[in-house]
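Please put together the full structure from these sequences, using the hints given.
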Amino acid sequence: ETGVTQTPRHLVMGMTNKKSLKCEQHLGHNAMYWYKQSAKKPLELMFVYNFKEQTENNSVPSRFSPECPNSSHLFLHLHTLQPEDSALYLCASSRDGDEQYFGPGTRLTVT
Amino acid sequence: DAKTTQPPSMDCAEGRAANLPCNHSTISGNEYVYWYRQIHSQGPQYIIHGLKNNETNEMASLIITEDRKSSTLILPHATLRDTAVYYCIVRSGSNSGYALNFGKGTSLLVTP
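Protein chains in written order, with our numbering: chain G, 19 to 129; chain P, 12 to 123.
Hints should not be assumed to be uniformly reliable.
Examples of chain P residues toward chain G, derived with CB under 10 Å [claimed, not checked]:
id, residue
1, Q53
2, G54
3, Q56
4, I58
5, S81
6, S103
7, Y109
8, L111
9, N112
10, K115
To list a few chain P residues with every Cβ distance to chain G over 10 Å, as calculated [unchecked claim]:
id, residue
11, P18
12, G26
13, M70
14, A71
15, R79
16, H88
17, L91
18, V121
If you are wondering where the hints come from, they were derived from the structure by calculation, not from laboratory data. Glycine residues also receive a C-beta, built at the ideal position from the N, C-alpha and C atoms.
Spelled out as structure tokens, the structure:
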């Protein structure tokens, strides 16, 4: 247990569906992150939030929409995804730029 | 942040020390060396980090050369549960941006 939880752990969705991924951290951290890990590829940073404000968007398509209502919660809203968006989506948190703590990830399959 | 180079894969016998090298020849004075690992299909796990002094914690030791152009992560007594991909990451201190640049890492296989 890292103090970062993600739900759901597995998700299968059609290309026309709308779904959301949820991340919650119980560590009192101020920064939260979304990463994407496709099969046999390195982790790719998607978004960074610091004190609820988005500080980095790594050229992510608009079909991925993040939301950070407070420093403990982070969502990733998904709509009209493509099969190539199938991947492991990882959430992490940190105190400022210190070491990041990762959740277990959501395995997403787009059919 | 400076780029790192790691061997794609390594083997280690259970109970022996695993020494994972990392080259970061373009590292600058304010950049730290971080190590994470990722066990199959799980989230990455922080292991250790250092600036210029050698560091040790309950998981591993980090040896950084005097010129800081390379480092070695040492798992003193590897177990089967240490089989994972190990990532060496160089980044600036806390006030310089928070993103981590994960490369391909070293896939460590610990064998019985």
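Right, here's what the structure says about each hint:
1. Q53: At about 6 Å, which falls below the 10 Å cut-off, the nearest Cβ of chain G leaves the hint on P:Q53 intact, so it holds.
2. G54: 3 Å, holds
3. Q56: Hint holds; P:Q56 Cβ to chain G Cβ min 7 Å, cut 10 Å.
4. I58: 9 Å, holds
5. S81: 21 Å, violated
6. S103: 8 Å, holds
7. Y109: 5 Å, holds
8. L111: The hint holds - P:L111 has a Cβ within 10 Å of chain G, the shortest such distance being about 6 Å.
9. N112: 8 Å, holds
10. K115: Hint holds; P:K115 Cβ to chain G Cβ min 6 Å, cut 10 Å.
11. P18: 15 Å, holds
12. G26: 27 Å, holds
13. M70: 12 Å, holds
14. A71: At roughly 13 Å from the nearest Cβ of chain G, P:A71 sits farther out than 10 Å, so the non-interface label holds.
15. R79: It holds; P:R79 is separated from chain G by about 19 Å at its closest Cβ, greater than 10 Å.
16. H88: 23 Å, holds
17. L91: 20 Å, holds
18. V121: 21 Å, holds
Checked against the numbered hints given earlier, the structure breaks only hint 5 and satisfies all the rest.
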